[in-house]
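Per our numbering: the sequence shown = residues 1 to 102.
Don't read these hints as lab results, they were simulated from the structure.
Take every hint as true, because none was put in to throw you off.
Computed beta-carbon distance windows for the label pairs: (1) Thr17 / Arg50: 15 to 21 Å; (2) Ser80 / Ser8: 32 to 38 Å; (3) Pro87 / Glu5: 25 to 31 Å; (4) Arg65 / Val28: 16 to 22 Å; (5) Arg53 / Val31: 20 to 26 Å; (6) Glu33 / Asp67: 28 to 34 Å; (7) Asp70 / Phe3: 21 to 27 Å.
Please read these numbers as outputs of a predicted model, since none were measured by experiment.
Beta carbons: idealized from backbone N, C-alpha and C, even for Gly.
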Amino acid sequence: MSFAELTSQVGDFVMETGGGEGGGYVGVVAVGEWCVAVEPLGWSAAMDERLARLSAGSEVVAVTRHDYADDYIGYAVDGSVITTFGPVTPDDRYGVGRRWRA
1 MSFAELTSQV GDFVMETGGG EGGGYVGVVA VGEWCVAVEP LGWSAAMDER LARLSAGSEV
61 VAVTRHDYAD DYIGYAVDGS VITTFGPVTP DDRYGVGRRW RA
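Please build the complete structure, drawing on both the sequences and the hints.
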């Protein structure tokens, strides 16, 4: 489906669920050797436990941009979350089971 169709499906889902379940849909497209996943109005793919599962046998970069909550960047390789941080506080990072300040 097109991005417009994905956005429409997400809008319908958010209206039906009152938004409490996020966007409910993920669109994926191959770009060279990578795949790009877009989760409009959602956040679940960027959560640490899901990010780790998505990276099994590969690597994943997740970027969440939010209008009224925290933005987020995460990087995971083969089931391990290497680092996560907020773009406005990149020195305050989490990853590989510990918290540190760069």
